[in-house]
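Peer 1: As a plain string of letters, each chain reads:
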Amino acid sequence: MTTKSVLAASAAFCVIAQAGLAADKTEFQFWHAMGGALGERVDQMSADFNAASDTCQVNAVYKGNYTENMTAAIAAFRAGEQPHVVQVFEVGTATMMAAEDNGAIYPVYQLMADAGIEFDPSAYLPAVISYYTDTAGNLLSLPFNSSTPVLWYNKTALEAAGAEVPTTWDDVEDAARKLKEAGVEKPFSFGWQSWSNIENFSAWHNIPLGTEENGFAGLGTEFTFNNEAVVNHIQRIADMGKEGLFGYGGRRGDSRAQFVNGETALWINSSAYYGGFKKDITEFEFGQTMLPLDTAVADAPQNSIIGGATLWVLRGHEQPEYTCVAQFFDYISGAEQQADWHQNTGYVPITTAAWELSKEQGFYDTDPMTDVAIKQLSLNQPTPASKGLRFGNFVQVRDVINEELEAVWSGDKTAQEALDAAVERGNALLRKFEDSNS
Amino acid sequence: MQKRVVFRSRLLPYLLVAPQIAVTLIFFFWPSYQALESSFFLEDAFGFSREWAGLRNYNELFSDPGYLKSFRTTLIFGFSVAFLAMVISLGLAVAANRVIRAATAYRTLLIWPYAVAPALAGVIWYFLMNPSLGIVAYWLKATGVDWNHYVNGDQALFLVIVAAAWKQVSYNFLFFLAGLQSIPKSLIEAAAIDRAGPMRRFWSITFPLLTPTTFFLLVVNLVYAFFDTFALIHATTEGGPADATSILVFRVYNTGFIGQDYGGSAAQSVILMALVIGMTFIQFRYVERKVNY
Amino acid sequence: MVENRPILTFLTHAVLILGVTFLCFPVWMALVASTHGPEALARAPIPLWFGDRAWTNYTQLISAGLPEAGGVPIGRMMFNSFIMAMVITIGKIAISLISAYAIVYFRFPFRMGFFWMIFVTLMLPVEVRILPTFDVVTKLGMLNSYAGLTIPLIASATATFLFRQFFLTVPDELVEAARIDRAGPIRFFFDILLPMSRTNIAALFIILFIYGWNQYLWPLLVTTEEDLYTVVMGIQRMVNSGEALPVWHYIMGTAVLAMIPPVIVVVAMQKLFVKGLVDSEK
Numbered sequence: 097m098t099t100k101s102v103l104a105a106s107a108a109f110c111v112i113a114q115a116g117l118a119a120d121k122t123e124f125q126f127w128h129a130m131g132g133a134l135g136e137r138v139d140q141m142s143a144d145f146n147a148a149s150d151t152c153q154v155n156a157v158y159k160g161n162y163t164e165n166m167t168a169a170i171a172a173f174r175a176g177e178q179p180h181v182v183q184v185f186e187v188g189t190a191t192m193m194a195a196e197d198n199g200a201i202y203p204v205y206q207l208m209a210d211a212g213i214e215f216d217p218s219a220y221l222p223a224v225i226s227y228y229t230d231t232a233g234n235l236l237s238l239p240f241n242s243s244t245p246v247l248w249y250n251k252t253a254l255e256a257a258g259a260e261v262p263t264t265w266d267d268v269e270d271a272a273r274k275l276k277e278a279g280v281e282k283p284f285s286f287g288w289q290s291w292s293n294i295e296n297f298s299a300w301h302n303i304p305l306g307t308e309e310n311g312f313a314g315l316g317t318e319f320t321f322n323n324e325a326v327v328n329h330i331q332r333i334a335d336m337g338k339e340g341l342f343g344y345g346g347r348r349g350d351s352r353a354q355f356v357n358g359e360t361a362l363w364i365n366s367s368a369y370y371g372g373f374k375k376d377i378t379e380f381e382f383g384q385t386m387l388p389l390d391t392a393v394a395d396a397p398q399n400s401i402i403g404g405a406t407l408w409v410l411r412g413h414e415q416p417e418y419t420c421v422a423q424f425f426d427y428i429s430g431a432e433q434q435a436d437w438h439q440n441t442g443y444v445p446i447t448t449a450a451w452e453l454s455k456e457q458g459f460y461d462t463d464p465m466t467d468v469a470i471k472q473l474s475l476n477q478p479t480p481a482s483k484g485l486r487f488g489n490f491v492q493v494r495d496v497i498n499e500e501l502e503a504v505w506s507g508d509k510t511a512q513e514a515l516d517a518a519v520e521r522g523n524a525l526l527r528k529f530e531d532s533n534s
Numbered sequence: 087m088q089k090r091v092v093f094r095s096r097l098l099p100y101l102l103v104a105p106q107i108a109v110t111l112i113f114f115f116w117p118s119y120q121a122l123e124s125s126f127f128l129e130d131a132f133g134f135s136r137e138w139a140g141l142r143n144y145n146e147l148f149s150d151p152g153y154l155k156s157f158r159t160t161l162i163f164g165f166s167v168a169f170l171a172m173v174i175s176l177g178l179a180v181a182a183n184r185v186i187r188a189a190t191a192y193r194t195l196l197i198w199p200y201a202v203a204p205a206l207a208g209v210i211w212y213f214l215m216n217p218s219l220g221i222v223a224y225w226l227k228a229t230g231v232d233w234n235h236y237v238n239g240d241q242a243l244f245l246v247i248v249a250a251a252w253k254q255v256s257y258n259f260l261f262f263l264a265g266l267q268s269i270p271k272s273l274i275e276a277a278a279i280d281r282a283g284p285m286r287r288f289w290s291i292t293f294p295l296l297t298p299t300t301f302f303l304l305v306v307n308l309v310y311a312f313f314d315t316f317a318l319i320h321a322t323t324e325g326g327p328a329d330a331t332s333i334l335v336f337r338v339y340n341t342g343f344i345g346q347d348y349g350g351s352a353a354q355s356v357i358l359m360a361l362v363i364g365m366t367f368i369q370f371r372y373v374e375r376k377v378n379y
Numbered sequence: 010m011v012e013n014r015p016i017l018t019f020l021t022h023a024v025l026i027l028g029v030t031f032l033c034f035p036v037w038m039a040l041v042a043s044t045h046g047p048e049a050l051a052r053a054p055i056p057l058w059f060g061d062r063a064w065t066n067y068t069q070l071i072s073a074g075l076p077e078a079g080g081v082p083i084g085r086m087m088f089n090s091f092i093m094a095m096v097i098t099i100g101k102i103a104i105s106l107i108s109a110y111a112i113v114y115f116r117f118p119f120r121m122g123f124f125w126m127i128f129v130t131l132m133l134p135v136e137v138r139i140l141p142t143f144d145v146v147t148k149l150g151m152l153n154s155y156a157g158l159t160i161p162l163i164a165s166a167t168a169t170f171l172f173r174q175f176f177l178t179v180p181d182e183l184v185e186a187a188r189i190d191r192a193g194p195i196r197f198f199f200d201i202l203l204p205m206s207r208t209n210i211a212a213l214f215i216i217l218f219i220y221g222w223n224q225y226l227w228p229l230l231v232t233t234e235e236d237l238y239t240v241v242m243g244i245q246r247m248v249n250s251g252e253a254l255p256v257w258h259y260i261m262g263t264a265v266l267a268m269i270p271p272v273i274v275v276v277a278m279q280k281l282f283v284k285g286l287v288d289s290e291k
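Protein chains in written order, with the working numbering: chain A, 97 to 534; chain B, 87 to 379; chain C, 10 to 291.
Treat the hints with caution; some may be incorrect.
As the list claims (entries may be wrong) - Which chain C residues face chain A? A few, computed with CB under 10 angstroms, are given here:
1. P47
2. F143
3. K148
Said to hold, decoys possible - Computed far set for chain A versus chain B, every beta-carbon distance over 12 angstroms:
4. A168
5. T264
6. P397
7. A524
No lab work stands behind these hints, which were simulated from the structure alone.
Ideal Cβ placement from N, Cα and C applies to all residues, glycine included.
Please take these sequences and the hints and turn them into a complete structure.
Peer 2: Structural data, given as structure tokens:
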């Protein structure tokens, strides 16, 4: 630990010296964005690692939601106060990769090699890892928590309304109508709208979101998600809203409460709500199923893309500390840790070994449908339109999309107007990113 | 106004102003200069590259409908907060000025919200108006209002206006009360003898005499709503939905820290600082006048 | 009272009671919510009367903190808030007192220049120039320290103006008397001016304490270590917990705890508070 020296402006100011908690261990900082039940698991994982290691100590700190965590780390990096490890969500990947070119990032494959720890990227699931490798196939950050949107449903409410679990978007509308008649206030909703209803809708129907292989092939990429299929899809949801079948509940996971308290019976969001739902939902039976298909666009689904986050290592610290980081990474990607994480949270297992272990342990028998996410991800060999996204400034682009979609839900704009505007504003952000990173 | 009699010392006055000036230079002028400088550059998130961009950041701002909308939002927000907080507090002050029994109790119960942080005021109202479980939202729904501030931008703006005004009522109340108490009783009594009713007395005598207080409070309330409500918005709506509650100070932060657009944020800072300094001078003319009489 | 009409008196009390209700109701609800468990707050309508979880909730908050928000005990955060508020308050008063003293009681080159330099910062809140200020504090290595938390907020045009105005009303005869006694500027300041400013200082103290306690954005940015979190910013961590359900009973409990110290200060020192407010006019 460091003793912070302080500007000697006045005698009145305290200087605080922090004594290390465990002075004989090498410590490193790990900033994450896992609140709630997930945060407890991360703390548990860290505590287990600390107990198991004689030489290393990880200090896990919760820094707010994904956006806050990432921006705090970047601000800290500019300040030279960066943590060793930071959890960054998938849309921040392009920004972090650009930083890698400038030497701010310690790529994971190199970290492991330098620490002398054997590391085999092929042990990871292809659908997960393809999002985070550079052009040469080197893994830059360690997949930690990956999920994919699924359709959560309130089984009890569906049965009461006499509706089936939907598999297509037409089914969703029908079921929502029946639910509404049965007194469900806002039958359908979703969270992380850009991710669940634009990015994954596109991948699921094998439609590119932008040019240049969704940005993988170059910085010159441009958005194309104002195409007919996406526009029709958004317009359908808007129309459902007018009919009272859809009730918007805010950005990120804000609408989660609606599903938990029964106001909403069909909810599209990350598979990682499983752990929380198991704890919070006591009054009805819930289940998850694959994303609905828009039969007017495709005959069969392609595959969905992941969300969630990876761990990036920031440079600027001492080598022994990085050796500890490598050991920590090795520890958390072990099959047992991963299987445990997967089964408790609903995130997909990121290594084949963890998936196999979960099968062996009979998890999918006791907790049916928890493999929906992983099946959805590995449904088909990923195509350029479905292997992931790599757009610069995508954090802001998501905000733009949020704003424009909110204008649709409130009836201020049509789907076409909003998506045209989102593409235009998004492209401006892409150009700005291209200009400041070339 | 100046002192006729002063002390003489070569060094001492400089030593005395030094701390204040040092802090001001380091934490006001240096950052302000930096804002001015970076507003002409394009920077990446990690601060590796820095490219001269001329007026690009400014041009982009003024061609961004979102930024122009923020101006409008800020004005609507500011004037609504000022109006709401002042009307409520004037009513309360007039009532409190009449009351004899329990006057102290009333005053105590009316002034404490001043101490509540804007962030907390926001969070509490956010809780009360949460569409799923808020009690106020529940009552609104019972009266037929389709309340959902997650979708409806006007409702979200209304939510932050109410929360911001709620916190400011106490402050205005104290000033209106002080203003009312300084009005000579004889004036009111004279009017009463002329058989002017309470309403007429208020509009023809009391209210005009309160004009200086009202004007002063208007400026203070506007400054409060424009700049001190950042926390309230950040802790609740975060500028949404669809940018409906994104006031200018919030935008500076959002562009810079969340958006990682340093140049754009700096340009906004520069514009805001110019505005603030302008408002300071308006305020100052008022303050100086008061000082001098 | 000019006249005594029962209807008017009734109306007066009605208006006041309505106002008190409007101001107190939100906090009442916060108090009520903080005494329930999560089940009671899962759906509308939520209870309007206290539950039985007050003790459990508050002990959990004060001693252990929230696992949902990183587990920093509220007690620790309140301690930090207190330190921050005190340092800001004392610092502001100290540097404003002496700079106002210099500007009023001395003639020296650049006097008005200094005056204007302080003056333009009158209404320039840190939020307006947040990014570059953060950069500066970073460059000075003051992140994650009480110094970084407080010093940038210490410059205060408001307090300087207040003291300047007050000093201008102090009769010149006192200075002359001091001169006759051969008392220098430093003795005059400590023996005469400071005791005379006692009420002003006390009144200002309340206003500035509230200002310091209620800081939000600055601590949010400057502290990355949990040991330094303050309570007002800490609540944001709970509300925007991202993927987890907001734990309203804890959030409201924290809100209540966070507002207790400044509210007590205002209520207990009402007279001084009113004076401070009216004097500083901002």
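Peer 1: Taking the hints in turn, state whether each one holds.
Peer 2: How the hints compare with the structure:
1. Taking 10 angstroms as the C-beta cut-off, the interface hint given for P47 (chain C) holds, the closest approach to chain A being about 8 angstroms.
2. Of the supplied interface hints, the one on F143 (chain C) holds, with its beta-carbon coming within about 7 angstroms of a beta-carbon of chain A, less than 10 angstroms.
3. At about 8 angstroms, the closest approach between the beta carbon of K148 (chain C) and any beta carbon in chain A falls short of 10 angstroms, and the interface hint on this residue holds.
4. The claim that A168 (chain A) lies off the interface is violated: its Cβ sits roughly 8 angstroms from the closest Cβ of chain B, which falls inside the 12 angstroms cut-off.
5. Distance check for T264 (chain A) against chain B: the nearest CB is about 26 angstroms away, which clears 12 angstroms, and the non-interface claim stands.
6. The claim that P397 (chain A) lies off the interface holds: its Cβ sits roughly 29 angstroms from the closest Cβ of chain B, which is beyond the 12 angstroms cut-off.
7. At roughly 8 angstroms, the least C-beta separation between A524 (chain A) and chain B is not larger than 12 angstroms, which violates its mark as non-interface.
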